[in-house]
Amino acid sequence: MRLINRQPGVALKSALAALPFLIAFVAYWIGSEIRLAANPSDKLLPAPETIAATAERLFTEPDRRSDRILLWHDTAASLTRLFLGVGIASVLATIIGLLIGLLPHVRATLAGFVAVLSMIPPLAVLPILFIVFGLGELSKVVLIIVGILPFLIRDLSQRVMEIPRETIVKAETLGASSLVIALRVALPQLLPRLIQAIRLSLGPAWLFLIAAEAIASEVGLGYRIFLVRRFLAMDVILTYVIWITLLAFLMDLALRWISRKLFPWTEAGL
Amino acid sequence: MSFVTAENIFQSYGNRPILERVNVTVDEGEFISIVGASGCGKSTFLRLLLAQERPTRGEIRVGNAPPAVEPGLDRGVVFQKYSVFPHLTVRENIVAGESFRARFGWFAGAARNEARKRADETLARIGLGHVAHQYPATLSGGMQQRLAIGQALTAKPRILLLDEPFGALDPGTRLSMHDFLTELRSETGMTVFMVTHDLEEGFKLGDRVLVFDKPRWDPTDPNAYGATITYDFDARDGGIPFQRIEEDTNVLRPA
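Top to bottom, those sequences are chains A and B. Per this note's numbering, residue 1 is the first one in the first sequence, and the count goes up by one each step. Per this note's numbering, residue 1 is the first one in the second sequence, and the count goes up by one each step.
Calculated from the structure, these hints are not laboratory results. Being a predicted model, the structure only gives us computed values, none of them experimental.
For the chain B half of the interface with chain A, some residues (derived, Cβ under 8 angstroms), not all of them: (1) L73; (2) R75; (3) F79; (4) K81; (5) S83; (6) P86; (7) A137; (8) P157.
Derived lysine to aspartate or glutamate pairs resembling EDC-like cross-links, with alpha carbons at most 16 angstroms apart: (9) K81(B) <-> E162(A); (10) K81(B) <-> E166(A); (11) K156(B) <-> E28(B); (12) K204(B) <-> D232(B); (13) K204(B) <-> E164(B); (14) K117(B) <-> E98(B).
Not close to chain A: a few residues of chain B, all C-beta gaps over 12 angstroms, as computed: (15) N8; (16) F10; (17) R16; (18) G129; (19) G142; (20) L175; (21) D179; (22) L199; (23) D221; (24) Y225.
Ideal Cβ placement from N, Cα and C applies to all residues, glycine included.
Excised from the complex, chain B in its bound form:
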C-alpha cells in the first residue's frame, strides 16, 4: 500500500516551469534519496512534500489525508541551516517539539517538568546531554543538525524531510551523522525523504534514489522545460550505482 503519492505534479514560478509530470509512490518506512544537478527542482519537490508550496497542478497525499495546504505536524523537516531556534537552549529546543502545538506554545507546572524529563532522555539518546543548557550557536555544525533531527522527531511526524542536512558538515562528521541517522531510522521506521548533492550518501542511506533531471532540453532556452524524475534506482542491493531501473516508472529515457 503506497503511503506517499505524488500524482502528475507540475510546478512553475511565473512562466518558468520547474517540475513537470512528476509521479512517484512511496511505501511507509522507505528512505528516499533525491539527487540531481543544481536547479533541477529537488528542493522544490521537497518544499511541495512539505506543503510549504502547493503545486500548480497535481497533488501530493500522505496516508489517507487530503493534500495539505501548509506545513504541519505530520511532516518533520531539517534544513541545511536555521533548523533550530537560536534563542532557546538545547533542551528547550527539544521541549519546543512538544510544546509548540499547545495554545500559547508553553507548558506549565507538571507538564513542563515531564516534557523536560523526556527532553533529557532524547538528548541523552542523541548524545547531546552534556550541552543541554547551552545555546545552539555554541554547538558544532554536526551537533546542531543532530539537535534539529532530534527536535523534528520529538513531534512524531509521519514523514521526515531532509534538505541537504549534512551539506555543510565536514566529511568525518558527515559519516558519524550517517550512522546516527541509520540508527534513528531503525528505531522509528519512519518514512524519510532526503535531498542531497552527494551521490554516495544518497545510495548509502537510501532505499531508493530518485534522480531529477530535465528530459527535454532546449539549448537556446535552458529554462524552457521543467525537470522530472528520470531515474528511480533501487539502492537496497548495496551496489553503487548500478542498480536495476525499476520497471514501472514513467521515465522518459534519454534518446
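So that you can see chain A by itself, here it is in the shape it has in the complex:
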C-alpha cells in the first residue's frame, strides 16, 4: 500500500500528535539534568520543577514593591494593545478590502500602493512610530496595525474579487445597488475569510507587540521578558513564553469556534 494511502487509527493519531510535545519536553529535561549535574546553580536550562514553582509564584504572589501580581497586569496591558491593534486593523482592512474588491476605480488607485506598502518591513519604521506617536500605548497599537494591515487588505480584497461574478450579477438583476451588494452580498461572504485572515496574522501581531514592548514600555508581557533577560531569569522567561503560547493558541481556538457559530453556511456543504 502506498504511504499516501495509509491512515493512522484514532488512538495512533492522538499518540502521534502528542509525540513531538513529549520529545521536546524530554529533550529539554535531559539537557537541563546534564547542565544542572555539572553546575547546580546553572541558570540557562532550569529544571521543569523550578519553572513550575516560578510559574506558581508569578501567577499568585504579588510583587513586593508594587504589591500587584505583575503577570496579570502584563497580560492585561499586552492583550489590550493586541486587541486594539488587531481590531482596528480588521475594521480598516474590511472596509478598504471591500472598496478595492468591488470598485474598479478604487482598485486602480490603491491596489498597487498597498502592494508596495506591504513590502515595507514594519520594524524598520518602528523608530518613526516612536518619534511620531510617542512612547505610550499609541505607538505600540500603531505598530501592530502597520504590521498586519497591508496583508489583511491584500488578502481580503483578493477574497472579494474571488466572489463569483455570477453572484454579483444575480444581485444586480434583483435590483441591488452597489451599497446593497457590498453590505448584503460581499460583506457576509467576506467575514468568515476575515476570521481566517486574522488567525493567520495573529502570529505577526504578537511579534510586533513584543518587539514594541521590548524597546519602550513599562508593562507588558514582552517588556517583562526583556527586563528579566538581564538577570538571566530563564524560569521567568520560559513561564512567560509558555503563557503567551497558550494565550495565542486559545485565541486561535476561539476564532475558529466563532467562525463555526456565526457562519454555519460555510460548512453546510461538508
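Based on these hints, arrange chain B on the given structure of chain A.
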C-alpha cells in the same frame, strides 16, 4: 409587436470577433432556446441580453426602454452555478428577491414579516417549503436551480435569461426541471431565453430555437470571423428538429 429587438449586434474582445450581424426580434411571452457549438457566442449573446456586457456595435432593446447599460430588475438570470447566495437560508434567498432593491437591502418590521410570508408561499409552490431554513449548500443541484429560478421570478423581471441552467444536473432531475419550468411559464407567461447544449431540451422547451454558428470559416485562422444566428427554427410544431426555417431571417445559408 416585437418585445425584444437585437439590431445588427457585433461583439469582439480585442481583435477577436465573437458575434457579427446578429439580428433577431422576439415577441412577448416567447420561449427562445439558443443552441450552438462551444465558443460560438451563445453565452456572449446572453450576457449582451443581460446587459452585463455592451455590444461593440448595434443595440438590444427590451420593450420601449433604451438599451440597458448594466443588469437590472427588468432582467432575471439563472446561471449554471453560483446563482443563489450561499450565506442566506433558502427562505432569505427568496426574500432577497424583493429586499435587495431596498435602500440597504433589508426589510424591517411588518414589511419583513410580509415578505417572509410571501417567500414561504413561493417556496411551497416550487416545492422547497421543507428546506426553508437550510443553506443552499445542503440542497441537491436540482433544488438549488429551482431556488435560483424562484428567486429570479420573485423580482418579477420582464425577461428571464437562463445560461445552461440544467447543464450540471442528472438526466432524471433535468426532466423534472423541464416540467417545473414549463409549469412556471404557463403561470407567468414570461419571455425566456435559454442557452443550452442539449438540442432535445432546446426543442422541447422552446417556441423558437436559435442556432449560433460561424457562417464564414477561415481554416487557417478559426478565430478570424464571429458567429451569428444561422438557423431560426419554429419549435412549436413539436417535431424534432425538422421544422421549417422561418422565412424572414437574414441567415447566410451554408453553401
